[in-house]
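Number of protein chains: 2
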Amino acid sequence: MRGATNAILQLTEKQKQAGVVTHSSGNFGQAVSLAAKNLGVKAYIVMPFDAPQVKKDAVRGYGGIITESQSSLTAREAEAKKIREEKGATFLHPSNNMDVILGNATAAMELLEEYPDLDFVFTPVGGGGLIAGTSLATHYFGNNCKTIGGEPFEVDDAYRSLKSGKIEVNRSANTIADGLKTNLGDINFPIIKQLVSEIIRVEEKEIVSAMRYIWERVKIIVEPSSAVSFAALLSEKERFKGKKIGIILSGGNVDFSHLPF
Amino acid sequence: MRGATNAILQLTEKQKQAGVVTHSSGNFGQAVSLAAKNLGVKAYIVMPFDAPQVKKDAVRGYGGIITESQSSLTAREAEAKKIREEKGATFLHPSNNMDVILGNATAAMELLEEYPDLDFVFTPVGGGGLIAGTSLATHYFGNNCKTIGGEPFEVDDAYRSLKSGKIEVNRSANTIADGLKTNLGDINFPIIKQLVSEIIRVEEKEIVSAMRYIWERVKIIVEPSSAVSFAALLSEKERFKGKKIGIILSGGNVDFSHLPF
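Chains R and X are the protein sequences, given in the same order. The first sequence lines up with residues 0 to 260 when you count with numbering that gives the first Met the number 0. The second sequence lines up with residues 0 to 260 when you count with numbering that gives the first Met the number 0.
Derived by calculation from the structure, the hints in this document are not laboratory data. Hints are all accurate, no fakes.
Since copy identity is lost for identical chains, a pair holds within one copy or between any two.
In silico SDA-like cross-links for lysine to any residue, where the CA-CA straight-line distance does not exceed 20 Å:
#1 K55 to R216
#2 K218 to F260
#3 K54 to Y212
#4 K55 to Y212
#5 K218 to R59
#6 K240 to G60
#7 K55 to V253
#8 K55 to K218
#9 K54 to S208
#10 K218 to S256
#11 K55 to F260
#12 K54 to E76
#13 K218 to V253
#14 K55 to I213
#15 K218 to Y61
#16 K240 to S196
#17 K81 to G18
#18 K218 to P259
#19 K218 to H257
#20 K55 to E215
#21 K218 to V207
#22 K54 to I219
#23 K218 to L33
#24 K54 to V217
#25 K54 to E215
Since this is a predicted model, take the numbers as computed values, not measurements.
Just need the whole structure built from these sequences, with the hints factored in.
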C-alpha cells in the first residue's frame with residue numbers, strides 16, 4: 000500500500016489520467032487498486048482467471064478494473080503490456096521499482112521515528128522490494144540498526160543471491176508463503192547486497208506457528224508470507240535476547256476456507 | 000484491558016499487595032492477568048477445569064495464576080470467594096464494577112477525541128460493562144452522539160431489559176457470541192437505561208458474516224461477540240447512510256481449530 004501509493008504519487012498529471020496497470024494478483028493488486036482510487040486514478044489489474052474469488056472480490060471492492068488472463072507469468076505480462084499500449088497506462092512492478100521501494104521504506108522509517116534505538120529490523124524477502132526499502136530506512140534513519148531478512152528454506156533465492164553475489168532463482172516453489180516465491184530484481188538487488196546484513200531461513204512449520212502466534216496474541220491477520228519475518232526471529236531467539244527488535248508485517252491475504260490450522 | 004487496568008489502578012497499596020481475583024475465563028481473565036502484571040500485582044484467575052487450552056495458555060502467558068474449578072457459575076464464584084478470603088485479594092467483576100465501566104469508557108472517549116462529530120457509537124452488549132462505559136463517554140464527550148448496542152436475538156436480555164425497565168435474564172444461551180450470554184448488573188443497568196438509545200438485535204448468521212468481513216478487510220481478529228456491534232450496523236445500513244459511525248470492537252478470543260467458516 001505504501002509502495003503503490005508512493006509510485007502513483009510520482010506520476011505526472013498526464014500519466015495519472017491514463018491510469019496504472021499491474022499483474023499482481025495478491026496484495027500488490029489490491030494495494031494498487033485502493034491507492035489509485037484514493038488518488039482518483041484508474042487501476043487495471045491483470046489476474047489469472049482461476050485466482051481465488053476472495054482476491055477478485057477484494058480488488059473489485061477497492062475499485063480495481065480486472066482483466067482476466069491465463070495463469071502463467073508470460074500470459075499475465077502480455078496482457079499487462081496490451082493494456083499499457085491500449086490505454087497508455089503506466090506499469091507498476093510490485094517489487095522492482097524504485098518508487099515502490101521508497102514507499103515501502105516508510106514503514107521502517109516510521110518505526111524508527113517511534114523507536115530510534117532499534118538494533119535490528121526483520122522483514123520478509125520475496126521479490127525484494129520491501130527488504131530493499133527497509134534496509135534503506137535502517138541505513139539512513141537508524142542508529143546502527145541492521146536489516147535482517149526472513150525467507151522460507153523452500154524458496155531461498157535471496158539467501159543464495161547474497162552468498163553468490165548475483166541474482167539466483169528458485170527451482171521449486173513448495174512453500175505456504177506464496178507471496179515469497181518471486182525472485183529479486185536488478186533494481187532492488189544492488190541495494191539488498193549492500194545494506195542487508197543477513198537472511199535467516201525458516202521451515203514451513205515455523206512459518207505456520209509464527210503466524211498462529213501473531214493471530215492469537217497480536218490479533219492481527221497476517222498471511223504466511225508476512226509471518227516469515229517473525230518466524231526468522233523466533234528460530235534464533237536466544238541469539239537476539241536483550242536486543243531491541245522491530246518486525247515488519249506486510250500482507251494479510253488469507254483464504255479462511257483453507258487455513259493451515 | 001482498559002477496565003481491568005483502571006480497576007487495579009484504583010486499589011490502595013495494601014490491596015495491590017494482596018492481589019486481585021476474577022472468575023472470568025475469557026477476555027477479562029486475560030485482561031486482568033496482563034493488567035495486573037503490568038502494574039506489579041498478583042492476579043488469581045478461577046477457570047473451569049474444562050476451559051479450552053488456548054485460554055489457559057493465554058492467561059498463564061500473561062502472568063495469571065490459574066485455579067481450576069467446576070464449570071458452573073456457582074462453583075466458580077465459590078472458588079473466587081475462597082481466594083478472596085485466603086489471600087485477601089480484591090474481587091474484580093468483569094462488567095458490574097464502576098471502575099471497570101470507567102476504564103471501558105476510555106475507548107469511546109479516545110474515539111471521540113479523534114472524531115468529535117460522530118453521530119453514533121455501536122458497541123456489543125453482554126454483561127453491560129462496555130456499553131455502560133461507552134454511553135457515559137458519548138454522553139459527556141460526544142456532540143449529541145448516541146450509543147447503540149448490538150445484541151444477538153438468541154440472548155436479547157438487554158433489549159428486553161430496556162423495554163421492561165428492569166433487568167431481564169436469558170432463558171437460553173444458544174449463540175456463537177459466547178461473551179454476550181451474561182446478564183446486566185445493578186451497577187451498569189441504571190446507566191444503560193438512562194444513556195443507551197437503542198439495542199439492535201442480530202441473527203447468528205449476521206454475526207458470522209460481520210466477523211468474517213472484519214477479518215478479511217480490517218485484518219483484525221475479532222471474536223463473534225465483538226463483531227456483533229458491526230453486525231447491528233450492517234443489519235440496518237440504509238437507515239444509517241451518511242451518518243458518522245464509530246464502532247467498538249472488543250475481544251479476540253478465537254479458537255482457530257473451530258472456526259465457523
